[in-house]
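**Student:** Single-letter residue listing:
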Amino acid sequence: MPQSAPRRILAIWCVRLALDRWRLNEPALEGCGEGQGADAVPLVLVAETAHGPRIEAANRAAQEAGAHPGMRLADARALCPEIAVRASDPAGDLAFLEQLALWAQRWGPWSALDPPDGLVVDVTGAAHLFGGEGALLADAAHAFARRKLAVRLAIAPTAGAAWALAHCGPPRAILSSDEDGATGLGELPVAALRLDDDVLLLLRRLGLKRIGDLAGIARSALARRFRNRRSAAANPLIRLDQLLGKAPEPLLPVIAAEMPLVQRRLIEPIRHRELLDRAVADLADDIAQVLEARSEGARRLELGMWRVDGEVLVRRLEMAAASRDPAHITRLFAAKLDDLDAGFGIELVRLRSPWTQPLDPGQRDFQSAAEDRGTTLAACIDRIAVRLGEHAVRRPVAYPSHIPERAQRWQPPLAPPPASQGELAFHHRPLKLLDRPEPIAVIYETPDGLPRRFRWRGGLHEVARAEGPERIAPEWWRERGSTRLRDYYRMEDDAGRRYWVYRAGIAGDGRGGPPEWFLQGLSA
Amino acid sequence: MATSIAPSNAPLPRSSAACLDARIARWRPGLPAVVRHSEIFASGDEASGAGLALALALDQADTAEAEPPWLWVQDKAARRLGGRPCRAGLPVPLRHRLIHVAADSPEDALFALEEGLRCRELGFVIGEIAGNPRALNLTASRRLSAVERARSRDRCLERRAVPFPHLSTRKVEVGREWDWAHRVCFDKLSTSGP
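Just so you know, the protein sequences line up as chains A and B, in that order.
The opening position of the first sequence corresponds to residue -1 in our numbering, with each subsequent residue numbered one higher.
The opening position of the second sequence corresponds to residue 386 in our numbering, with each subsequent residue numbered one higher.
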């Protein structure tokens, strides 16, 4: 069996991401590098906490003055009164990192985020395009330097090893695939294992300072010491395996998704329903064109309406099958706009489709001829679901269970049915099942004989014929031990009506008092 | 009196709905070949109305080779009184094609019925509405008939051979004590070929 090429992962660590972003966004620092202009004076980025502002990041001048991340701002001011303060922006940093992850796909087919300030790029089989891995690292370092971002880079066979080298290894480190990871990384500190702070503290107290030190301890001893730590960040053994490639480490790739979006900016804010309907119809036409160009149909649509007074109204719609029929979309939205409060008017209407599916262009003539004969099933389901709610239209599907009320489940009508075994043909089931079995008073031959007459909903039913029992035992793997078994009977009363009743338990089964009877189904 | 009806352990004959499975021993309700829109009145404490509706549907669907989905609309009171359809108890050819609509009010149920009638891919539509609500008056019933007629006319024209049927709202009573207690609308869409 041919071995696939070993994976090569490029780890990028933005050393001062928050500060670099602040410097790039500051208009006064246009064209300035690090440590120039306003960056030459001590500056910290702070976040508000319950105990006052706390320093998230400090520039070089501030660090020389004594401020460091994690410190309270008041303490830093005591050391350096002239320190400048800006608010940190973690959400903006993450959004910037996402953009950066897409941009970093120039070195490999996919990339993943490593929050808060790292990226991982899969460069397997791509290094030769740059002239080798060393040249690739040089190219990446040059590109980041041009963007004025301080980074540390490393390439290794696993994401864990690449992260460790980027954070703690020499600059632009490369760990080749045939090199033994344990020896190559053994000199790095244990902090390179991506562990939580309390675990690092514990390891330091145990005297384990380098990754190589862990190799000196028997694996079983480590496993016993950290047996309660399930998460990877709290268990050095899992991290060690991920570092050496013995345990898998799934990464979530970042993929750019383009959403079909159309909008209309209205000259005059609209306050009346007819005009809004007109605007929605125009938008539906526009998005149909956009979707047709992409050979896609919309499954979910979002209509956003911006009001003059700053409110945004959003209406969402989900369709049973992919569609781009403007008339259908308009009609479905019309039912959703009834309770809209336009306030002082709507000035911008935007329609976008967050979920699309491939839909090949259809023949127009064929469709229009068919439209005269009636709607399609998907359109019919959409119309009903818009008025009655999405959970109103369902299809029953079989579910593996003995208990009758559990043996069927409901799923969306056009979803593919789940795989199931053939049903047993000798079990009779009623045409309809009551949502909740109703208790009935039954006269029967104790302890487990056939019923003779029963009273249900105030009427007395003489049993003309009865068949049973069909015994259904409780599902012990799902229910508690005190659940009673059920003996099901099919019964026909003197008027010919057929019912499906059961007796819960047997007298003397030790699970409660005398057995109770319930009526669960109606047969035709 | 109590001893006159002795419950026996003899197996029950198969129910009428179950009989529909076997093509040979099938119960034919005996109505004329084309029933388009009819109302069945039955007690809410039994499933005979739904059974008859299904029998009518199957009676006329046997020549169709395609297996179209079908719609069963219930309002809230009908679900509470008579329960929901049980997949394993439905006739085998209809089981996997059921689409169930759980409406809250009779108005919503009528709306769903009308939309179902407008759909060209549904085989037939069954509506189950409990009691005699104000929404389900003769106008609503006629309206359903009219929608159905508008649909079926095209179908007739397309096939050219099916005679245009006499369309009147049929009413069928099941049992002695229906008394407006439960009403099952049955709407047949696909006409069987001659």
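I should point out that these hints are in silico values taken from the structure, not numbers from a laboratory.
Since the structure is predicted, the reported quantities are computational estimates derived from the model, not experimental observations.
Ideal Cβ placement from N, Cα and C applies to all residues, glycine included.
Just so you know, not all the hints are guaranteed correct.
[Unchecked claim] Only part of the chain A face toward chain B is listed, based on derived beta-carbon distances under 10 angstroms:
| # | residue |
| --- | --- |
| 1 | Leu289 |
| 2 | Val395 |
| 3 | Pro415 |
| 4 | Gln419 |
| 5 | Asp433 |
| 6 | Pro437 |
[To be verified] Using C-beta positions, here's what the derived DEER-type ranges look like:
| # | chain 1 | residue 1 | chain 2 | residue 2 | range |
| --- | --- | --- | --- | --- | --- |
| 7 | B | Val477 | A | Glu403 | 18 to 26 angstroms |
| 8 | A | Ile470 | B | Val477 | 31 to 39 angstroms |
| 9 | B | Ser490 | A | Glu443 | 42 to 50 angstroms |
| 10 | A | Ile401 | B | Ser490 | 49 to 57 angstroms |
| 11 | A | Lys334 | B | Val477 | 34 to 42 angstroms |
| 12 | A | Arg104 | B | Ser490 | 52 to 60 angstroms |
**Student:** Compare the structure with each hint and give your call.
**Tutor:** Each hint tested on the structure:
Proximity of A/Leu289 to chain B is violated relative to the hint, the smallest CB-CB distance being about 23 angstroms (cut-off 10 angstroms). Here the hint on A/Val395 is kept, as its CB sits about 7 angstroms from the closest CB of chain B, short of 10 angstroms. With 10 angstroms as the threshold, the beta carbon of A/Pro415 comes within range of chain B, its nearest partner Cβ sitting at about 7 angstroms, so the hint holds. At about 13 angstroms, the closest approach between the beta carbon of A/Gln419 and any beta carbon in chain B exceeds 10 angstroms, and the interface hint on this residue is violated.
Because the smallest distance between the Cβ of A/Asp433 and any Cβ of chain B comes to about 6 angstroms, under 10 angstroms, the interface hint for this residue holds. Taken as an interface hint, A/Pro437 does not check out: its beta carbon lies about 15 angstroms from the nearest beta carbon of chain B, beyond 10 angstroms. One distance hint, 18 to 26 angstroms for the beta-carbon pair B/Val477 and A/Glu403, holds here, with the actual separation near 21 angstroms. Distance hint check for A/Ile470 and B/Val477: the Cβ-Cβ separation is about 22 angstroms, which falls outside the suggested range of 31 to 39 angstroms.
The hinted range of 42 to 50 angstroms is satisfied by B/Ser490 and A/Glu443, whose Cβ atoms lie roughly 45 angstroms apart. For the hinted restraint 49 to 57 angstroms between A/Ile401 and B/Ser490, the CB-CB distance of approximately 31 angstroms leaves it violated. A C-beta distance of roughly 39 angstroms is found between A/Lys334 and B/Val477, which places it inside the suggested range of 34 to 42 angstroms. Evaluation of the 52 to 60 angstroms hint for A/Arg104 and B/Ser490 yields a pass: the beta carbon distance comes to about 59 angstroms.
Violated hints, listed in ascending order, are 1, 4, 6, 8 and 10; each of the other numbered hints is respected by the structure.
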